[in-house]
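J.: Below are the chains, spelled out letter by letter.
Protein chains: 2
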Amino acid sequence: MSKKSKKKLKKKERLSLLKVTTKKRKPAKKASVKVVAVRNGHTPAKAKKGRLVYFFGDGRSDGDGKMKALLGGKGANLAEMTRIGLPVPPGFTITTEVCTWFNQHGKTLPKEIDAQIEDAITRIEKNLGKGFGSITNPLLFAVRSGSRDSMPGMMDTILNLGLNDETVQGLIAVSGNERFAYDCYRRFIQMYGDVVMGVQKRPGEEHEPFEVVIEDIKNKIFPGRKNVSDTELDASSMRELVKQFKNLVHERTGRSFPSDPKEQLRGAIGAVFGSWNNDRAIVYRQKYNIPNEWGTAVNVQAMVFGNTGNESCSGVAFTRDPATGERVFYGEYLINAQGEDVVAGVRTPDAVATLQEKMPKAYRELEDVRAALEKHFHEMQDFEFTVENGKLFMLQTRNGKRTGVAAVRIAVEMVKEKLIDWKQAVARVPADQLSQLLTPIFDRKAIKHAQKIASGLPAGPGAASGRIYFNANEAEAEALKGKVLLVREETSPEDIRGMLAAEGILTARGGVSSHAALVARQMGKVCVCGASDLHIDYSASTLTVGEHVFKRGDFLSIDGTSGEVFAGEVKTAPSEIVQVLIEKTLDPKESATYGNFAQLMAWADKLRRLQIRTNADQPDQVANAVAFGAQGVGLCRTEHMFFEGDRIDVVREMILAETQEAREAAVAKLLPYQRDDFAGIFRALNGLPATIRFLDPPLHEFLPQTHDQQAELATKLGVSQDKVARRVASLHEFNPMLGHRGCRLGIVYPEISAMQARAIFEAAILVQKEGIKVKPEIMIPLVGFQKELELQVQLVRKVAAEVCKQHNTRLSYLVGTMIEIPRACIVADEIAKEAEFFSFGTNDLTQTTLGMSRDDSGSFLPSYQNLEIIKQNPFATVDIAGVGGLMKLAIERGRKTRPDIKLGICGEHGGDPASVKFCHNAGLTYVSCSPYRVPIARLAAAQAALGNPA
Amino acid sequence: MSKKSKKKLKKKERLSLLKVTTKKRKPAKKASVKVVAVRNGHTPAKAKKGRLVYFFGDGRSDGDGKMKALLGGKGANLAEMTRIGLPVPPGFTITTEVCTWFNQHGKTLPKEIDAQIEDAITRIEKNLGKGFGSITNPLLFAVRSGSRDSMPGMMDTILNLGLNDETVQGLIAVSGNERFAYDCYRRFIQMYGDVVMGVQKRPGEEHEPFEVVIEDIKNKIFPGRKNVSDTELDASSMRELVKQFKNLVHERTGRSFPSDPKEQLRGAIGAVFGSWNNDRAIVYRQKYNIPNEWGTAVNVQAMVFGNTGNESCSGVAFTRDPATGERVFYGEYLINAQGEDVVAGVRTPDAVATLQEKMPKAYRELEDVRAALEKHFHEMQDFEFTVENGKLFMLQTRNGKRTGVAAVRIAVEMVKEKLIDWKQAVARVPADQLSQLLTPIFDRKAIKHAQKIASGLPAGPGAASGRIYFNANEAEAEALKGKVLLVREETSPEDIRGMLAAEGILTARGGVSSHAALVARQMGKVCVCGASDLHIDYSASTLTVGEHVFKRGDFLSIDGTSGEVFAGEVKTAPSEIVQVLIEKTLDPKESATYGNFAQLMAWADKLRRLQIRTNADQPDQVANAVAFGAQGVGLCRTEHMFFEGDRIDVVREMILAETQEAREAAVAKLLPYQRDDFAGIFRALNGLPATIRFLDPPLHEFLPQTHDQQAELATKLGVSQDKVARRVASLHEFNPMLGHRGCRLGIVYPEISAMQARAIFEAAILVQKEGIKVKPEIMIPLVGFQKELELQVQLVRKVAAEVCKQHNTRLSYLVGTMIEIPRACIVADEIAKEAEFFSFGTNDLTQTTLGMSRDDSGSFLPSYQNLEIIKQNPFATVDIAGVGGLMKLAIERGRKTRPDIKLGICGEHGGDPASVKFCHNAGLTYVSCSPYRVPIARLAAAQAALGNPA
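Taken in sequence, the protein lines are chains A and B.
Heads up, the first sequence is in this note's numbering, so the first residue is 170 and it goes up one at a time.
Heads up, the second sequence is in this note's numbering, so the first residue is 170 and it goes up one at a time.
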């Protein structure tokens, strides 16, 4: 801001202050909860060019709930709630576009924003009859971030803004509560000092500097006593804190704490915008694929106080249980507290039901709000409220995060309740969350003998066992070695990496809406929180529960569905879905979870066009996948069978063979093994098709690499160790990924392909004779040239004819290829002359298209994600522009030659919802994924058919 | 062929035989050499549907010289020579299409061919008044292969076909020469027995079985004598040979030697078609990129005999000297011999000039033919002739193979002689052959002291030193270890792999048109042939020349320009062109070779649109390339400078740095080195542009790999050896080709890119201040994502601005990228937003597009070439369908964003003529290649502009 404009502003500010202070206080207009969606709820708001600030309050808003991109989720829903007549304290939202501008212009704000903010403040002042900077009836603001998607706790918040040594007197006068007023003031300095002015722990310091000041005062007032609560400090202590906090700020920053409310506001807005790029927020965005360019909005809202006394409270609530999906009013509150206290989990709050007794009027209003929200949003809502001296205020609502189990249940039940239709139900469950329904629970027998040591709130369902660590960094490091539980008093956004790495999270404090619970639910982590019997000594690295003492590295087990905590390691058992479908140990009628799951899957199957197959190499895997709904095998890696039992020795004999004859002899020994394998798979498929890939990996992968192993092999095969070592050396490759593998093996050693073809056809005929249909599809890997495929296809057809003739029978089968190198995409028209199907091997296609080895990319991929060169890990989600571009080319060209060519994908991407969506749009016939991802792919395929953003 | 049609045919055959034998002999019409291009020479022939057999003779032909694809080179030119009135014995050509049919239909001939052959034979019989199968005046045939491109000696030939125990009597009667007739007969059995019936050396046998029979007879007749010549055997010995040869055939094959001439003919035709797929022919086609599907034609031509006595001879001649290009009549002949004797080099023939004295009339006719051929074909011709009893017959003509020196001289001189225009001259010199003009000659001083031990015929120019080996296989194996000369009595098509591997070829027998000479010229190998003082003892592996004895592995040196052979290793010196342009030790006016070269280059430069740049990393290399005509540097690999002198230690210090500060310190030490390097390059370029690539290879390439080297480095840098070893281990990659390299280094370690940018800009400003123009073009390698390039471009521009500000000057430069991974091609439109130029790095682009590591492909590429999956080594010639397809996509998309984007290629392919042609057609701005390939690229670019097939 130029000096000139600063000067101008100051003049305006003074005027505004003058104006405000002369105003009389009017009571805020009472919002009628019953009159929902009346006034402007049906006229959608429009974004106005040049408008940077969107006002809301008194039943009117410049924005509405659809404007999440511009106003962020919180801002849009504050506007929407205001429109439908819910009691929202007035305020305004500064758009996400300003955030982008701010971060692109050296952290400055556009000039034209000042007047718009001024206007909005004036409207709030009028609405509330308070004055911003007024020394008689001061208007205070909460300044909060709010991005398009919720990023709980990731960015900064400042409360009670507008207080200074003069306005605090007004707050005392209005509230009649000096302690309250100074408590607000000191909290404001503490938050503002930290967030805006950067007064934070320095390297080597053990505690936050503001906390040190508080401890000093407590020691002075209550010498010798430990664990003095903040509530025990009186008004004068609070006043003293304000003084010392200001000194601390000056000492640490060389600057005075700003007393001008407008200056405070400008600083807070800048800090919130700046917090979009703090480390925590960046990590979070990476995990959830939130683009950097979205930015955050800033919400400036009149303060209401849940901490004015025992007629006040702050709370958070869900319209249904976010852990189980049950239709109950679910939530918690703290009497005489600000909202941040509830979320931070510093004190363990009470269940919302208890409010009925303590504040019956407020509770009735809350129940009405709960019904109104679901009726209006047709979604389970997660909302924040404050009761100030008996009066209810809504501070936020948003679609509630929930576990996978809850998501399925809510979706299915909302259809029954006619809140949504069945297609909406399918659209609504994040496909990835289904994996939570398949995660293990504790083994029933094992848990009977387990020693329960404590219980807390069930905050993230599932069962987890692991070694306990008390520090997020340590948990992250130890998780590389084995399963880990992160155990904390409470978690904070700084712990996010450790939470990501842990199997489960256990906290001693905080409720089901605490940071730990919220984040765990979203991540699908097992979580038990608020287990208040736990005593954690960070410095000694011990956890004490009654007489039990556990050290870092000891085992604990937690049940995130029941909230129980057990000593030691407890065996886990499959989920209910798995018990019904796979183990068949549970009657489907006994499991509501299974019922909801099956209903959702049935709806999904009605919608999807993509077929779902599975990547599986063994009969039992195939059977599981079929139980999960797989419509065939999309990738059977024949070489996986090579490692079983003794046959690896035969494989090695084959590789060490020096003549074609010797190789053929070894290959012949493999034939019966492979035939049995394939017969098993055909039986498990019971008529569904099986795509079987010929030998793919380079041969050296089958040979022992160490001296001792080589010696052992030499003895077994009766050859010299030198010979083994020489062959290993001769097979060494500089870039095995680009080496002698795939169909290149079958070309140079056709006898291997011939044996595999024979094994497949003999197995097929065998099983066919048992009365089971077989549909073998032979897949030639790593093809880049038409002629490569032609030669292998000729060989396969020759073997097929021989085998059929020998058995005097017929057999229908397909031969196709894996498309996994860029050249194959470019010449797909030629390759399609030979191929009856294409299956995209997107793992290798990604490696070659990006010139990036999956095994080696660890050295630069983190930098690439930080710098946003790559937004999503290309080995998890198809790189749509690059790899996807080549796939589209291949599809177009392949269809030119063979319009009805069957198209599939068998890379790891087949089970990734975003990639499934791409495959749907690209017109593939099927996707193939690992057995446990099959339900996810089914749902994702249905959502893709609906046009869902994945 | 069905039994029925066989029966039909037999009947026809009998009829035909009857018809023929009743005919009287008429003298063949005398061809007038003077009446050239008269009768149907100007009416082009047309291929007729269903015509499988093309007749020629008596001045008329069904085909003509343009029909090489259908009739093969030999067949087309026999037709053409007949048309222009040259004395060609009549015959017919079976088309190449029949060859393809034959090899696709289980080695059978199409049914309808029989009647056409019958017709053609009848026309020949009429023309010559002889009868095929006649026992009074038998018509004999030569059956020869003839593919589109000449493949000398690669396929089979059968002479004197039609002889049996009865017709031989007719030949005796007509020729009045029993010995001659039986010699023909036994040669026929020998050739037919070998080629058609497969009587060949078995494993373990030392000599050809027919040769064993001959030796036995010689021993019987001349007991105790060695080296008895065939000519010493009389008529009865020859008759005896015929008998024994027939027995041998029966004994070896179980079948009688066929006496029916038609059966003989069918067998011979099949054998020639079959020989298209013999091993030698396949190897040859691979080397010269001749497609398998071309096939060979079969030429069946009435025999004429150069071996009827001393008034007969066979010879081969060139219209100019194929080694030097001088316009002299050049060739050789053997009195009383068949043509194959000359080519096989069994006896050393006489120079064609000596024929003037021995057969003045035939010589005059030959001189007329020589002039007529050049006038008609406008090209230097290589032709075969036979004089039968004083009468000249032409058996073949074709464009003569020649050395690079000769090609340039002939092209330039033919323009002066107005035989061709200057554009034709440019089109005519195979660009690759220019490398022969740049190959070394012996150092003048060294050669003065060299001990000359023998001399032979100069058959392939240039100088070569190497260890001698007497066996092609051994030469091939030893060539992997060092320079090798292949020394043979004479070479044969079986030696082709050894010849390919050797630096030079030395033979004791054979003339300048022997197999050795012909093949060497084509391959650009140094060759001395017919050095008759050489005595080679294959069994003792020694070469004796007078008193000198050389063992296998000893050094010899040969001068293929003078024909001299020297003992030991002789230092070589640069070619004349290099002496003029690079060393500047030779006055251009003194070198005719340089004059012709310079003229050709000047013409080429007038034609070409492509610019030619060079891949060079050092000032002297750059200067050389500029002397060869390079218009700038297309690829300067900065890391090559890292290995020089002490700086590798600094590089290693940089890599071992554990903090950014330490790395920056090491990087700073590298700056002055790099600045000096770049300044030198800018000076050498003197205003031409320089594309400089940032650091590309993975860092581990700079670190020592062995324990001892690591210990040494640790001592030098004062760190623990363990640390060095750990860093080496941490940098290990599974697939370094796809690992942490290219711009991925500059992204993770921006300080390295910043240093390199600074070095370039500081050097540029330094040299600019010296009054020399500089045009730096900074190239970011391995880019796959727009953002990668964006970040590096930002960094480069920032450094440029800083450096310019420091020096208070301006500098113009470009920043662009190497396109070397498939993704970059696909998203070229995005990348072009950041890139001012694209340079295709086709080495890596080939590896990633084909999923094929250059270093590892040796294990399957030979099989791939044998099986014709890959026709040309994709690392030598751009894979046009695959890699080229991606390049075209990139060009199209890049231009969409930036229509004037500069496009180049800097892979090894930039110096390969076929690839240069592709680059021209794809619309690139320039190609870049190694300095010594620059003239080749200039010529290839001109030819591409002319639309030449590369």
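Errors might be hidden in some of the hints.
Just so you know, same-sequence chains aren't split out, so a pair can sit in one copy or run between any two.
[As the list claims (entries may be wrong)] Taking lysine to any residue pairs in the SDA-like style, the calculated list, with each CA pair at most 25 Å apart, reads:
(1) LYS1065 x GLY1054
(2) LYS527 x ALA898
(3) LYS1002 x LEU1058
(4) LYS1057 x ASP998
(5) LYS560 x VAL584
(6) LYS650 x ALA898
(7) LYS956 x ASN1042
(8) LYS387 x GLU420
(9) LYS758 x LYS775
(10) LYS892 x ALA646
(11) LYS1002 x LYS1057
(12) LYS544 x TYR532
(13) LYS652 x VAL343
(14) LYS456 x LYS956
(15) LYS956 x LEU1030
(16) LYS614 x GLY887
(17) LYS956 x ARG1023
(18) LYS652 x GLY887
(19) LYS276 x LYS942
(20) LYS838 x ALA923
(21) LYS775 x ASP429
(22) LYS276 x SER889
(23) LYS956 x ARG371
(24) LYS456 x TYR707
(25) LYS938 x ALA923
(26) LYS974 x LYS1057
(27) LYS956 x GLN273
(28) LYS1040 x VAL888
No wet-lab data here; the hints were simulated from the structure.
J.: Each hint should be assessed against the structure and marked as holding or not.
T.: Quick rundown of the hints versus the structure:
{"no.": "1", "hint": "LYS1065 x GLY1054", "result": "both (17 Å within a copy, 17 Å between copies)"}
{"no.": "2", "hint": "LYS527 x ALA898", "result": "neither (79 Å within a copy, 66 Å between copies)"}
{"no.": "3", "hint": "LYS1002 x LEU1058", "result": "both (16 Å within a copy, 23 Å between copies)"}
{"no.": "4", "hint": "LYS1057 x ASP998", "result": "both (12 Å within a copy, 17 Å between copies)"}
{"no.": "5", "hint": "LYS560 x VAL584", "result": "neither (34 Å within a copy, 106 Å between copies)"}
{"no.": "6", "hint": "LYS650 x ALA898", "result": "between (31 Å within a copy, 20 Å between copies)"}
{"no.": "7", "hint": "LYS956 x ASN1042", "result": "between (34 Å within a copy, 15 Å between copies)"}
{"no.": "8", "hint": "LYS387 x GLU420", "result": "within (21 Å within a copy, 119 Å between copies)"}
{"no.": "9", "hint": "LYS758 x LYS775", "result": "within (22 Å within a copy, 87 Å between copies)"}
{"no.": "10", "hint": "LYS892 x ALA646", "result": "between (42 Å within a copy, 21 Å between copies)"}
{"no.": "11", "hint": "LYS1002 x LYS1057", "result": "both (18 Å within a copy, 23 Å between copies)"}
{"no.": "12", "hint": "LYS544 x TYR532", "result": "within (18 Å within a copy, 112 Å between copies)"}
{"no.": "13", "hint": "LYS652 x VAL343", "result": "neither (55 Å within a copy, 102 Å between copies)"}
{"no.": "14", "hint": "LYS456 x LYS956", "result": "between (44 Å within a copy, 20 Å between copies)"}
{"no.": "15", "hint": "LYS956 x LEU1030", "result": "between (36 Å within a copy, 14 Å between copies)"}
{"no.": "16", "hint": "LYS614 x GLY887", "result": "neither (49 Å within a copy, 61 Å between copies)"}
{"no.": "17", "hint": "LYS956 x ARG1023", "result": "between (29 Å within a copy, 20 Å between copies)"}
{"no.": "18", "hint": "LYS652 x GLY887", "result": "neither (43 Å within a copy, 40 Å between copies)"}
{"no.": "19", "hint": "LYS276 x LYS942", "result": "neither (68 Å within a copy, 41 Å between copies)"}
{"no.": "20", "hint": "LYS838 x ALA923", "result": "within (13 Å within a copy, 60 Å between copies)"}
{"no.": "21", "hint": "LYS775 x ASP429", "result": "neither (62 Å within a copy, 78 Å between copies)"}
{"no.": "22", "hint": "LYS276 x SER889", "result": "neither (72 Å within a copy, 46 Å between copies)"}
{"no.": "23", "hint": "LYS956 x ARG371", "result": "neither (67 Å within a copy, 34 Å between copies)"}
{"no.": "24", "hint": "LYS456 x TYR707", "result": "neither (28 Å within a copy, 74 Å between copies)"}
{"no.": "25", "hint": "LYS938 x ALA923", "result": "within (22 Å within a copy, 71 Å between copies)"}
{"no.": "26", "hint": "LYS974 x LYS1057", "result": "neither (40 Å within a copy, 48 Å between copies)"}
{"no.": "27", "hint": "LYS956 x GLN273", "result": "between (54 Å within a copy, 16 Å between copies)"}
{"no.": "28", "hint": "LYS1040 x VAL888", "result": "neither (52 Å within a copy, 39 Å between copies)"}
Violated hints, listed in ascending order, are 2, 5, 13, 16, 18, 19, 21, 22, 23, 24, 26, 28; each of the other numbered hints is respected by the structure.
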